[in-house]
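*Asks:* Chains F and V, in that order, give the protein sequences.
Just so we're on the same page, my numbering is the position in the first sequence counted from 1, plus 72.
Just so we're on the same page, my numbering is the position in the second sequence counted from 1, plus 72.
One should not assume that every hint holds.
[As the list claims (entries may be wrong)] Listed next, with one range per pair, are the computed distances between beta-carbon atoms:
#1 F:170 - V:91: 20 to 26 Å
#2 F:181 - V:75: 27 to 33 Å
#3 F:218 - V:96: 37 to 43 Å
#4 F:249 - V:218: 39 to 45 Å
#5 V:219 - F:219: 22 to 28 Å
#6 F:124 - V:207: 17 to 23 Å
#7 V:208 - F:124: 33 to 39 Å
#8 V:205 - F:181: 33 to 39 Å
#9 F:74 - V:75: 26 to 32 Å
#10 F:205 - V:218: 40 to 46 Å
#11 F:236 - V:173: 21 to 27 Å
Treat the hints as calculated values from the structure; they're not laboratory data.
Cβ coordinates follow ideal geometry from the N, Cα and C atoms, glycine included.
2 protein chains.
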Amino acid sequence: MSKILEEVLAANHTYATKFGDKAHLPMPPGRHFAILTCMDARLDPAKYAGLAEGDAHVIRNAGGRATDDAIRSLVISYKLLGTCEWFIIHHTDCGMETFTNKIMNNLLSSSLKTAALEASGWRDIGPGPGSSEGKYINWLTINNQAESVIEDIQRIRYHPLVPAYIPIYGYIYDVKSGKLIQVPGATEVGKAS
Amino acid sequence: MSKILEEVLAANHTYATKFGDKAHLPMPPGRHFAILTCMDARLDPAKYAGLAEGDAHVIRNAGGRATDDAIRSLVISYKLLGTCEWFIIHHTDCGMETFTNKIMNNLLSSSLKTAALEASGWRDIGPGPGSSEGKYINWLTINNQAESVIEDIQRIRYHPLVPAYIPIYGYIYDVKSGKLIQVPGATEVGKAS
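For reference, chain F alone in the conformation it holds in the complex (with noise of 0.2 Å):
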């Protein structure tokens, strides 16, 4: 069993110890919002915003993008479990700003190692033979984060699925401070009048 796989099964196995009357929440998220942000292994929207198990759906993907897969999950969030306030929170010093689609597939048509398995050599792959399948997905960049919470907000808010009268919040997390600050105009994109 890999270390990793222990530590987080030695983790899930005090939390369970603890878990108290948690087994009576509902399905449908108790505060009725939603979040979608970033995958980023530093953000914890729990914490930065504020919320115990129960209280709200949360998407996370690469970049927090309003992707068709997002757009689904939300769509599922409100019409079937009753959420009628979004949140889309980008961050800075994302990763999705570090590369561009074409950077992306030149490494994958190189190899398939990390570039960190790359350049240290840490466990034997053999060389790995790269694919060309990168080209058939767009990675979904951002060359900037505030232009890309408006754009996905109007992705979102002109989904012919998503009803007008729910909000959407546009903000950027920073990750130097913890601190969620807003996009200017973001939540005024398309908004029902």
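On the provided structure of chain F, position chain V as indicated by the hints.
*Replies:* The following block gives chain V in isolation, referenced to the frame of chain F:
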């Protein structure tokens, strides 16, 4: 300002005042792993798996499914940010077990109100026409959690951009106990020899 927005910003203010040395966390996950899990409000992966800020990537969508978007995120996670172990964690009592594509599309065709709003008349948002756009979305509902975990591991395992050396662990989180339960056979799916 909505009550929820006020509460989130107040919680964030408290979090930021005690941010401490988290300002210095590097971008790559310190513990080199990623978790793909469901957006369900009852799940807090940081708590159930023992994550501190900076430890691991967390990807979440409705069901914790291995969508194209989840795979986009996982590939970025290993290739650019060095994760080398992945967890796929679905859970008991998942909303995705409660409907079918047909049911969802019928609901959306009749109205874009939430089911709860329809029942309670909580806010007068007018009759709100439905939309037939649902039929362009595969909602990725779940019949059986153990099967969906194995299916999703399989989809990731055989993706041409996923290297064979990354172990993928399959678990089901039990919302009644907080425990992670191993899915029999899941970690063996397509495992590199």
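*Asks:* Does each hint hold? Answer for all of them.
*Replies:* Each hint tested on the structure:
{"no.": "1", "hint": "F:170 - V:91: 20 to 26 Å", "verdict": "23 Å, holds"}
{"no.": "2", "hint": "F:181 - V:75: 27 to 33 Å", "verdict": "50 Å, violated"}
{"no.": "3", "hint": "F:218 - V:96: 37 to 43 Å", "verdict": "24 Å, violated"}
{"no.": "4", "hint": "F:249 - V:218: 39 to 45 Å", "verdict": "43 Å, holds"}
{"no.": "5", "hint": "V:219 - F:219: 22 to 28 Å", "verdict": "41 Å, violated"}
{"no.": "6", "hint": "F:124 - V:207: 17 to 23 Å", "verdict": "37 Å, violated"}
{"no.": "7", "hint": "V:208 - F:124: 33 to 39 Å", "verdict": "35 Å, holds"}
{"no.": "8", "hint": "V:205 - F:181: 33 to 39 Å", "verdict": "36 Å, holds"}
{"no.": "9", "hint": "F:74 - V:75: 26 to 32 Å", "verdict": "44 Å, violated"}
{"no.": "10", "hint": "F:205 - V:218: 40 to 46 Å", "verdict": "29 Å, violated"}
{"no.": "11", "hint": "F:236 - V:173: 21 to 27 Å", "verdict": "25 Å, holds"}
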